[in-house]
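J.: Chains Z and W supply the protein sequences, listed in that same order.
One point on numbering: in our numbering, the residue at position 169 of the first sequence is 194, and numbering is uninterrupted.
One point on numbering: in our numbering, the residue at position 179 of the second sequence is 204, and numbering is uninterrupted.
Mixed in with the good hints there might be a few duds.
Note that the list lumps identical chains together, so a pair holds whenever it fits in one copy or between two copies.
As the list claims (entries may be wrong) - Listed next, the in silico DSS-like pairs over lysine-lysine satisfying Cα-Cα at most 30 Å (straight line):
hint	residue 1	residue 2
1	253	220
2	220	259
3	161	253
4	139	364
5	181	220
6	277	259
7	353	259
8	277	253
9	181	139
10	360	259
11	360	181
Note that these hints are calculated values from the structure, not bench results.
2 protein chains.
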Amino acid sequence: MKPIIRLPAIDRRVLLSSLAMLPVLSVSLRSNSAMAQAQSDPLPSWNDGATKASILDFVARVTTQDGPYFVPVDQRIATFDNDGTLWIEQPMYIQLAFALDRVKAMAPMHPEWKTKQPFAAVLDNDLKALAASGEKGLVEIIAVTHADMTTAEFEKIVTDWLATARDRRFKRPYTELVYQPMLELLAYLRASGFKTFIVSGGGIEFMRPWTERIYGIPPEQVVGSSIKTRFEIKDGAPTLFRLPDVNFIDDKAGKPIGINSHIGRRPIAAFGNSDGDLEMLQWATLGASGARFGLIVHHTDAEREYAYDRDSHFGKLDVALDAAAVNKWAVVDMKKDWKRIFAFD
Amino acid sequence: MKPIIRLPAIDRRVLLSSLAMLPVLSVSLRSNSAMAQAQSDPLPSWNDGATKASILDFVARVTTQDGPYFVPVDQRIATFDNDGTLWIEQPMYIQLAFALDRVKAMAPMHPEWKTKQPFAAVLDNDLKALAASGEKGLVEIIAVTHADMTTAEFEKIVTDWLATARDRRFKRPYTELVYQPMLELLAYLRASGFKTFIVSGGGIEFMRPWTERIYGIPPEQVVGSSIKTRFEIKDGAPTLFRLPDVNFIDDKAGKPIGINSHIGRRPIAAFGNSDGDLEMLQWATLGASGARFGLIVHHTDAEREYAYDRDSHFGKLDVALDAAAVNKWAVVDMKKDWKRIFAFD
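Chain Z extracted, bound-state conformation (with noise of 0.2 Å):
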């Protein structure tokens, strides 16, 4: 296992994003058995200690009727980043590893590819070649495996393949490597009065068909990059035509922009785990009244999952870092806070 791709820059910017999934797999601990063990701990999966504890006081706080903190049930929102934070984003975002294997897939339609960079690249496996091919290489990868379709065909093509697809350490589909802690983090928000938002980098509509099955969060309550779309009526039916043209990057200070889109209302709760998430954790939580909270998970255990943080090419986290002890963000320190990452652990 080895970090796939060197690139000078991996930047949500290349990875531009996309549409359709389908409800997939799988194991997966849900809402359900999460509310159960909601009655006695509501974060089972959590150590006892200052993380926990902040969460627990948050919730307390801000849903005590006539306390000081209390927030009305509508206002009760709360966002969540995807990559890294609900699930692995080593050795690479899984979207990236999709659309590698779209390439290969593809390629018996384009024997031009063999030839021709940066698909040779990854049909040879060959890294530093794809690294070489750089911001370019990396767009028209997307471009090629992402776009030039409808969304339900693109649907149908992502639903399929992480039905099939297994991530090559732990050997599991990718719907399984999410993080326990956190699905309990969803439910134990949704039970009380909370509605959870994904606010991702990645592609909206990679994510869209399945977070409702594995984190009980609707379509509609997913906010993601995405490329153009046209509205074609195709043989009666109509459809809408995927472009390989980048419509919206939601990373960065492109995380408030999309939340003011699609959602209306400033969250009171974000949650992230790189410096793609800092603006999103700002509007959350500075220069408004009442309670607000911030959280980064920090990945420190490259036993059971992994451990980068200010050098890593995938999920930065840096000045994000910094920030969070400025600001008062609670710093999950994944090794120490959480007794198990997996639901397999």
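On the provided structure of chain Z, position chain W as indicated by the hints.
T.: Just chain W, lined up with the frame of chain Z:
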């Protein structure tokens, strides 16, 4: 009361869009009262007839558990146009009335407007000159009245305006000029497990502050046109600054795109009143299996409201009226189908 503006092509594209306002007024007859009535007749302001029957029949079919047309609750998505479908749009879009009033309110800070078109025309109530300024003039008016401020500032401006502005014919706040039969329909659908969304060519932030109070539709279920925003930290507080650039026009073929972006599922029912709603109704009803429902509100009552369709400058209903016949969409004849138009009738 005369038609105020005569532009050769008043199109949603020129009315760009926007953001904010706030919970506003007023008498109103909200979900609660409508739902109390629903015990007996869920649609008491609708006259018996084919239109009302088609609504009741559709809802019965999709909610009958073991029936052939049953639709699970999470897929019961209904989308509503706003202008001309839920509230009035004559003699001009209410958002345009807002923009013209704003020009007058801002004029003291812009002495140069006295001699500069299109502003002079607005200040002189010279509608001919305003019309002569064409689309370019209208874009200028929208830009100065809707941009160059934070989203919070815009919300306050819209809120304050709605609290005092009165429609000239009805001498009422605009938020009272909502159609009582449609309020009952919204409440009935929600009571039947539907999630109701607004999908309007109007500005998303012009609607969000009052749609929950007036329609029972929260901000995150409002889709509309928008301008671009920029995230900034000002004096330690994060803001979104409204820029004079169009981001998205949620009209015509933009409506299915907006629906896909914000909702991520196809509606099974859609409600509109103009050619701007054609593609939304197609997206909701055509080429899909199961029960689907499309409805067009046809303004036929010059006495109680307005009568207009194929030649109207606002809310032109021409192609979509023909399409309704072909596609078996219900067409509300307001004069015949609605017992009353407004709550105060």
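J.: Now tell me, hint by hint, if it's right for this structure.
T.: Cross-check of the supplied hints:
1. 253 to 220: both (27 Å within a copy, 26 Å between copies)
2. 220 to 259: between (37 Å within a copy, 28 Å between copies)
3. 161 to 253: both (19 Å within a copy, 26 Å between copies)
4. 139 to 364: So residue 139 and residue 364 fail the 30 Å test inside a copy (47 Å) and across (70 Å) alike.
5. 181 to 220: For residue 181 and residue 220, both the intra-copy (28 Å) and inter-copy (25 Å) Cα distances are at most 30 Å.
6. 277 to 259: between (37 Å within a copy, 17 Å between copies)
7. 353 to 259: Between copies, since 19 Å is at most 30 Å while 54 Å is not.
8. 277 to 253: Answer is both; intra-copy 20 Å and inter-copy 16 Å each pass.
9. 181 to 139: within (26 Å within a copy, 59 Å between copies)
10. 360 to 259: neither (53 Å within a copy, 37 Å between copies)
11. 360 to 181: neither (37 Å within a copy, 46 Å between copies)
In summary, the structure is inconsistent with hints 4, 10, 11 from the numbered list given earlier, while agreeing with the others.
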